[in-house]
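Colleague: The primary structure of each chain is shown beneath.
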Amino acid sequence: MTTQHSRGSPFAPHTDEETAAMLAAVGAESVEELFDIPDPVRFDGEFGIEPRGERELRAETRALLGRNDDLTEFLGRGHYDHYVPSLVDHLADRSEFLTSYTQYQPEITQGFLQVLFEYQSMLVELTGLEVANCSMYDAATALGEAATLADRVRETSGSTVLVPELMREERRSVLENYTEGAGLSVETYPHDDANADLDALTEIASEETVMIYAESPTVRGAIEERLGEIGDLTDANDALFVLGSDPVALSVLEEPAAVGADVVIGDAATLGLGTSYGMGLGLFATREEFVRQVPGRLVGASTDSGGERTYTLTLQTREQHIRRERATSNICTNQAWVALRTAIHAAWLGPSGLVDLATECLEAPAELAERLDDLTGVKAPVHDRHQFREFVARTDQPAEAVRETLEGKGFAVHAIDDHLVQVCVTETNTERTDALVTAFREAAK
Amino acid sequence: MTLEYTQARWNTDEDGYEALLSEKNEETVETDDVPLPDDLKRDELTLPELSEPELARHYTRLSQMNYGVESGPYPLGSCTMKYNPKFTEDVAALPSAGVHPDRSPESIQGTLELLHRLEDQLARIGGMDAVTLQPPAGAAGEFVGILIAKAYHESRNDERSEVVIPDAAHGTNFASAAMGGYDVVELPSGEDGRVDLDALEAALSEETAALMLTNPNTLGLFERDIEEIAGMVHDVGGLLYYDGANLNALLGRARPGDMGFDVMHYNVHKTFATPHGGGGPGAGPVGVSEELAEFLPNPHVREGDGGYELYEPESSIGKVHGFMGNWLVLIKAYAYIARLGDSGLSDASAKAVLNANYLASQVEYDTPYEPFHHEFVASAGEQDAADVAKRMLDYGVHPPTTKWPELVSEALMTEPTEVENRSSLDRLAQAFNAVAGEDREAIEAAPERTAAGRIDQTEAARNLRLSWRALDEDS
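Quick mapping for you: the protein sequence lines, in order, are chains A and B.
Anchor point for the first sequence: position 231 equals 231 in UniProt numbering, and the numbering is continuous, going up by one each time.
Anchor point for the second sequence: position 24 equals 24 in UniProt numbering, and the numbering is continuous, going up by one each time.
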């Protein structure tokens with residue numbers, strides 16, 4: 001089968017006769033004549049990449065990825081594994097969805113537009129805010145875009161963005177890259193037992209503050225208990241309150257709109273995609289008053305020539321292809337297909353499934369923490385908070401040594417400080433918690 | 001041969017077409033049993049609640065109301081809408097691909113080796129010295145390129161304030177430069193549609209951080225003076241940035257690195273046939289010359305004594321994505337490139353260029369700028385390009401990009417790619433030519449054969465309804 005592509009691309013369907021006839025039609029002797037490239041920059045085509053057949057490549061890639069150790073992951077910290085129903089793969093892989101482009105011709109792309117409208121609608125229900133866009137790349141870039149939105153909509157000349165001391169380092173680094181061009185600076189506020197230290201935050205916040213960011217659950221899995229007060233504090237300083245969360249947590253937590261959130265960001269791929277080595281789906285929802293400053297694409301309802309309700313991309317004058325350097329964002333290609341997966345997954349669960357899943361995310365870590373706490377050399381949970389999906393444990397042994405020992409026994413956990421490990425439990429690994437506890441007993445003593 | 005086409009149109013609700021999930025069934029669930037204090041939880045959650053068969057039918061119908069590359073030709077200029085091979089989907093769906101990003105490098109040697117191999121493939125194809133795979137889209141890649149340029153100049157204590165961009169460039173170039181905090185200097189195109197060297201001379205200065213350029217440009221024209229352009233930019237101390245959107249036209253014929261570009265992005269969803277997914281995810285890896293490698297985003301993959309490892313380049317710009325970008329897309333790109341190899345990549349480019357030239361020769365609309373490579377820009381002349389596009393939908397093909405670049409009046413920017421054969425291109429030409437011969441009334445009434453009739457864009461923007469809740473409030 002490897003001879004098939006010695007002729008060229010297996011995905012260019014031309015026969016030799018067709019190629020010859022087409023060349024004749026354009027009046028060229030050879031295809032090379034059509035390349036208007038000066039000799040000094042011509043390249044001979046030798047990349048040194050050997051073509052392989054489909055069967056070989058499937059085997060090769062399977063073998064390559066098969067070199068990954070088969071560990072049971074108890075990892076979280078912003079990237080979560082939930083069971084993805086088969087329905088998601090089968091429907092999202094329908095080629096009309098998968099192989100289409102951005103819906104610039106709405107009449108022929110109603111299907112995807114409706115899916116995105118439904119995705120936006122579900123986020124509106126979950127956040128209580130009026131507007132959700134149809135995706136950013138991931139939570140980190142959504143946070144970056146939230147900061148530049150805050151800078152645009154806030155009337156005073158402040159330039160400071162306040163973020164929790166406990167947050168993913170990566171998220172903060174991306175935020176810094178997004179804010180630097182806008183002339184903003186990022187400062188941290190301390191935590192109090194894995195929630196915002198409100199006294200300290202009150203001290204730090206000032207009229208210089210453009211935005212206050214908080215997470216619930218936090219990166220340590222703690223539910224933030226004083227969101228309403230953070231909202232009030234943000235208002236008092238005429239700043240924007242940006243809350244990080246995810247659709248599973250939002251299914252049971254108080255609506256962000258009710259605690260004063262102006263923007264909700266997060267990773268919506270917790271439904272539909274799994275951890276996927278950090279690939280995500282940036283959730284972005286905000287208040288209607290900021291709709292003209294929203295980054296990314298928006299799908300709105302309209303009517304067609306027959307008077308029927310339809311859907312179309314709207315407010316495109318905010319976007320880079322029209323507004324260029326004055327656009328609200330440079331985002332063009334987004335994560336539409338992941339949004340489709342998330343929408344299908346959310347619809348499959350329905351409100352009862354979502355609430356059940358979120359309930360499990362509250363019960364499972366509490367139960368596992370209790371079992372680890374019984375072990376010699378372990379205290380869990382470290383924080384006296386309601387934990388969602390994950391929790392932090394203190395180990396007498398160095399955390400890194402515990403992590404390594406557990407990895408040797410087939411389990412992955414986070415070592416987050418000298419003596420702190422973090423453990424995440426969802427429905428995808430609960431059947432291995434007994435084995436984890438056993439391994440922990442050995443590792444921690 | 002007459003062209004006939006009708007898209008599926010499901011009409012299950014008097015308000016519109018396929019009813020919304022929320023219109024089919026909604027439930028409200030109380031949170032009484034949720035183990036949280038009342039002040040931390042919502043009282044109830046209201047969302048659609050449907051059975052799996054109902055959902056399967058809903059999404060299948062919606063897919064039938066959507067046009068993809070496998071539905072027919074999709075000659076959207078500058079978007080490179082190629083056939084997406086099926087086997088790459090299976091490769092990306094391997095369970096061993098779905099690892100958590102915080103896994104220890106020792107435990108995911110396969111993942112890291114695949115990333116390293118893809119970096120190597122891309123470096124060879126672009127003629128660059130080092131590659132990062134982190135940017136999750138082309139525009140994100142541009143932003144990384146801009147941040148790298150900025151970090152490079154700052155490392156030399158040489159603060160600069162401007163980025164020069166041709167007027168016909170992709171809008172993302174302008175937006176990305178602005179996000180990096182630069183002022184944009186717009187470069188007017190010459191009469192032949194290429195960079196005008198006098199205009200470039202006037203635009204460049206000690207303030208120039210970079211010139212962003214795609215080659216061939218958005219008119220499909222190769223910038224023949226590229227060596228001179230590179231020399232001029234480098235002479236003022238600026239960097240040359242390559243927008244990889246049109247790389248499909250160059251595979252195996254020329255490399256950005258050889259042309260003098262210092263930094264570039266690759267659109268793997270274009271050139272390397274990963275699905276566009278209705279607007280993403282894509283991936284926009286960035287390649288750089290050796291002198292810029294120390295600024296690449298972290299983490300970066302390298303081969304160490306004990307296997308592959310993650311490390312932070314010396315003067316890294318930091319991060320532009322929460323982790324390593326769109327990993328599942330990167331797997332597909334790796335498999336696609338390996339499937340084609342040298343001969344397939346060169347052939348893809350050859351057939352793409354042949355197809356654009358053949359199609360243009362069969363289309364009756366005028367093409368003012370020649371000779372072009374993989375895409376051409378025709379002018380709809382007296383017709384409105386947007387109306388032409390709507391009417392083309394009735395003939396079962398996706399129309400070209402319209403009204404851009406603005407150098408051509410009523411532009412129809414057409415890129416058939418290598419995946420169409422002669423009969424398919426003839427069908428496209430027939431659609432173009434049928435519309436070219438139609439009067440205003442006919443094309444203004446279009447489309448009639450799509451899932452929806454002509455959609456009122458103005459109404460959508462004036463009366464914003466962005467969720468089903470907004471629809472309820474409206475009625």
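Please keep in mind that the hints were generated in silico from the structure rather than gathered at the bench.
Warning: the hint list may mix true and false statements.
Straight line, CA to CA, 25 Å or less: simulated SDA-like cross-link-like pairs of lysine to any residue [what the hints assert, rightly or not]: (1) Lys445/A / Arg103/B; (2) Lys24/B / Leu464/B; (3) Lys379/A / Asp356/A; (4) Lys86/B / Glu60/A; (5) Lys86/B / Lys379/A; (6) Lys403/B / Glu60/A; (7) Lys379/A / Thr405/A; (8) Lys403/B / Ile322/A; (9) Lys403/B / His419/A; (10) Lys409/A / Arg385/A; (11) Lys409/A / Lys403/B; (12) Lys86/B / Pro13/A; (13) Lys409/A / Lys86/B; (14) Lys86/B / Asp356/A; (15) Lys86/B / Arg57/B; (16) Lys24/B / Thr2/B; (17) Lys403/B / Asp356/A; (18) Lys86/B / Arg326/A; (19) Lys24/B / Asp356/A; (20) Lys409/A / Asp13/B; (21) Lys86/B / Lys445/A; (22) Lys24/B / Pro37/B; (23) Lys24/B / Asp89/A; (24) Lys86/B / Ser95/A; (25) Lys409/A / Ser96/B; (26) Lys409/A / Gly307/B; (27) Lys409/A / Arg103/B; (28) Lys86/B / Glu49/B.
None of these values were measured; they are calculated from a predicted model.
Colleague: Would you pick out the hints that fail for this structure and give their numbers low to high?
Modeller: Per hint list: 3, 5, 6, 9, 10, 11, 13, 14, 16, 17, 18, 20, 21, 22 and 28 violated.
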